[in-house]
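Chains as they are written, first to last, in my numbering: chain A, 1 to 330; chain B, 1 to 330.
Since the hints were made in silico from the structure, they are not lab data.
A few of these clues could be false.
[Said to hold, decoys possible] Computed footprint of chain B on chain A; a stretch qualifies when at least three of its residues, placed anywhere within it, have a C-beta under 8 Å from a C-beta of chain B: (1) 35-43; (2) 83-95; (3) 109-120; (4) 149-161.
[What the hints assert, rightly or not] Listed below are several chain A residues computed to face chain B (Cβ distance under 10 Å; list not exhaustive): (5) Phe-15; (6) Leu-123; (7) Phe-124; (8) Thr-133; (9) Thr-134; (10) Ala-137; (11) Arg-141; (12) Ile-142; (13) Glu-145; (14) Gln-241.
Don't be surprised by glycine CBs; every beta carbon is placed ideally from N, CA and C.
Protein chains: 2
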Amino acid sequence: MLETLKTPSPLTDFFGPIRDDLAAAERIFQQELTSEVPFIRELVAYLAHYRGKRLRPALLLLSARACGQVTPQHHVLAAVVEMIHTATLVHDDVLDEATMRRHVPTLHARWGNSASVLLGDLLFTHAFYLTSTTGSAEACRIIGEATNRVCAGELRQIGERGNLALSEDVYHEIIRGKTAELTACCCRLGAMFAGADEAVVHALERYGMELGIAFQIGDDLLDLVGTENKAGKSLGTDLEQRKLTLPVIRLLQTASAETSHQVRQLLTETGNHKRERLLPLLQSSDALNYAAAEAEQHAAAARDCLAILPETPYRTLLAELTRRVVRRQA
Amino acid sequence: MLETLKTPSPLTDFFGPIRDDLAAAERIFQQELTSEVPFIRELVAYLAHYRGKRLRPALLLLSARACGQVTPQHHVLAAVVEMIHTATLVHDDVLDEATMRRHVPTLHARWGNSASVLLGDLLFTHAFYLTSTTGSAEACRIIGEATNRVCAGELRQIGERGNLALSEDVYHEIIRGKTAELTACCCRLGAMFAGADEAVVHALERYGMELGIAFQIGDDLLDLVGTENKAGKSLGTDLEQRKLTLPVIRLLQTASAETSHQVRQLLTETGNHKRERLLPLLQSSDALNYAAAEAEQHAAAARDCLAILPETPYRTLLAELTRRVVRRQA
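Extracted from the complex, chain A is given alone in its bound form (with noise of 0.2 Å):
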């Protein structure tokens, strides 16, 4: 835990208001994956290098706050959702392959596939046992839910690579799957434990999917015009994988049958230098601006659903995120 202590995130001041609940939270995440065995040890303290921002427990503990209280079962729930994050993390590397991660090799990359594919696995079947220690079903249920709709929509992306063809509205359906789903439940947990009403239950759980969506399309801009060094990790991953995201799609669509031409070569054949490559293309047509005007419409309907909160230091912490999900493609 020192470990975690020591390289703390750039949103740790940001999340400043909420710093002793999510470290409640930490201390649970922690304690809960001790274990005798030393190989599960050093896998697990190895996960410290590589956790990120903690957005995930930071949008359930600033629900609860924006609805007036924090429970122990906040605490518990807050480390279950960085614990299911953290295992799609591990996953992911599995499947893209990747070998850096928050400027560090990936657990793939030094302990291989076996490890890290088990070490998933224990890290959600953690996340559910931990669940049902706040004694409600309901709870289950919706992480249940949740975490199964996550796996869909990976899945449904590795059925779609390779697809030149992909519309936008499955690429949308794919992202409001990986990551909205999760964001989403996020909210919804930390406002109902908080007992607050169904409306606005309802208007943070909306909240959490628009800001989800508006994050991911973020994220996969920066896969493609990022740069890896402050990044911390190996990007043009979605290109490698032949994964269409927003960008491409709207290239695609938009092209001159000869530069289109070109962006199917680019992204059939085998080889390096995809990204760069493409970067041109991408940055003489509109569709670095399209997707970057696209994660500002969520990120601003998210917005939107905090106008049922009440004022309070937390209210404008989750609308700040909005704005922060955004610049990041800068």
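We have chain A already, so just place chain B on it with the hints.
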């Protein structure tokens, strides 16, 4: 679903007395996993080709019947344990890079790493969601905890790969985790949801634990001495993965310095035919009989646990299962 019914398991007749209960659980399994996404439908449909004996749902349902009643919750939970077992099979094939299971190519061999990892995750998460629909946070806790122990057992096994000094004690802890925790959980849930009193629940949980250990020792023996044609799956994978199982541990403990050297060399070098070359060494030692006797002891211990139950056809079947899991090795 038709596909599933067309390929009955050799245990279908054996489980005759709970045929209707198994069919109800199977309907839930199939209905729950329907999907609007063709790719997911295709993967799920393929699972029917290599799901096997339905041992875990049968244990849950037999335990329930042996305690007096089967409820709709039992059918749901029987589908849950089959889903969890199927998830572990799908991920096991990824870990072992196995190419065949139940006489057909594995999902991993056909659709690759990514689809297999995510399909396993989809099954795990769906199983947890489905558990929550019983409305029992206690069921969620038991399922979450048991599944977590399965993963920890498998992870520990990975960590001990290549450890030629693996002790019998650690071997037992590993197989208890990776196999017996789930069979114990099945019997416990069956008894609990039938309203059995604590002593009976405990006895059946113990039965499931001992049966699972006997079963896994049998499986490990099969991996060394079985024929691929009968087993319908890749064999010798434990040796390929440098996982020491009971017969090999015993052989290394009892062999002469010369034989021990030979075995160690065989296990550490790369190359094929490990199984064929190890077999004569195993056969000229007591290792195979030793492991078979150990399996028989655990099977007998499982039988002893059944004394607390009234005499019914279901108790008879539970007792008969303890003979079958051992007889497989002959």
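Hints and how they fare:
1. Coverage of a stretch by a chain is defined here by at least three residues with a beta carbon nearer than 8 Å to that chain's beta carbons; for the segment 35-43 of chain A and chain B the count is 6, and the condition holds.
2. Check on the segment 83-95 of chain A: 3 of its residues sit with their Cβ under 8 Å from a Cβ of chain B, so the three-residue criterion for coverage holds.
3. For the segment 109-120 of chain A, the proposed coverage by chain B is satisfied: 7 residues have a C-beta within less than 8 Å of a C-beta in that chain, meeting the threshold of three.
4. Three residues within the 8 Å Cβ limit are the bar, and the segment 149-161 of chain A against chain B gives 9, so the coverage statement holds.
5. With a cut of 10 Å, the hint placing Phe-15/A at the interface with chain B is violated, because the nearest CB-to-CB distance is about 28 Å.
6. Interface hint status for Leu-123/A: upheld, as the beta-carbon distance to the closest one in chain B is roughly 9 Å, under 10 Å.
7. Look at Phe-124/A: its Cβ gets to within about 6 Å of chain B, closer than 10 Å, so that hint holds up.
8. A least Cβ separation of about 7 Å between Thr-133/A and chain B falls short of the 10 Å threshold, and the interface hint therefore holds.
9. Proximity of Thr-134/A to chain B holds as hinted, the smallest CB-CB distance being about 7 Å (cut-off 10 Å).
10. Among the interface hints, the one on Ala-137/A holds; its C-beta lies about 5 Å from the nearest C-beta in chain B, closer than the 10 Å criterion.
11. For Arg-141/A, the interface hint holds, since its Cβ comes within 10 Å of a Cβ in chain B; the closest pair sits about 4 Å apart.
12. Contact between Ile-142/A and chain B, as hinted, is supported at the beta carbon level, the nearest pair being about 8 Å apart and thus within 10 Å.
13. Checking Glu-145/A against chain B: minimum C-beta separation of about 5 Å stays under 10 Å; hint holds.
14. Given hint, Gln-241/A at the interface with chain B, holds; its Cβ is 8 Å from that chain's nearest Cβ, closer than 10 Å.
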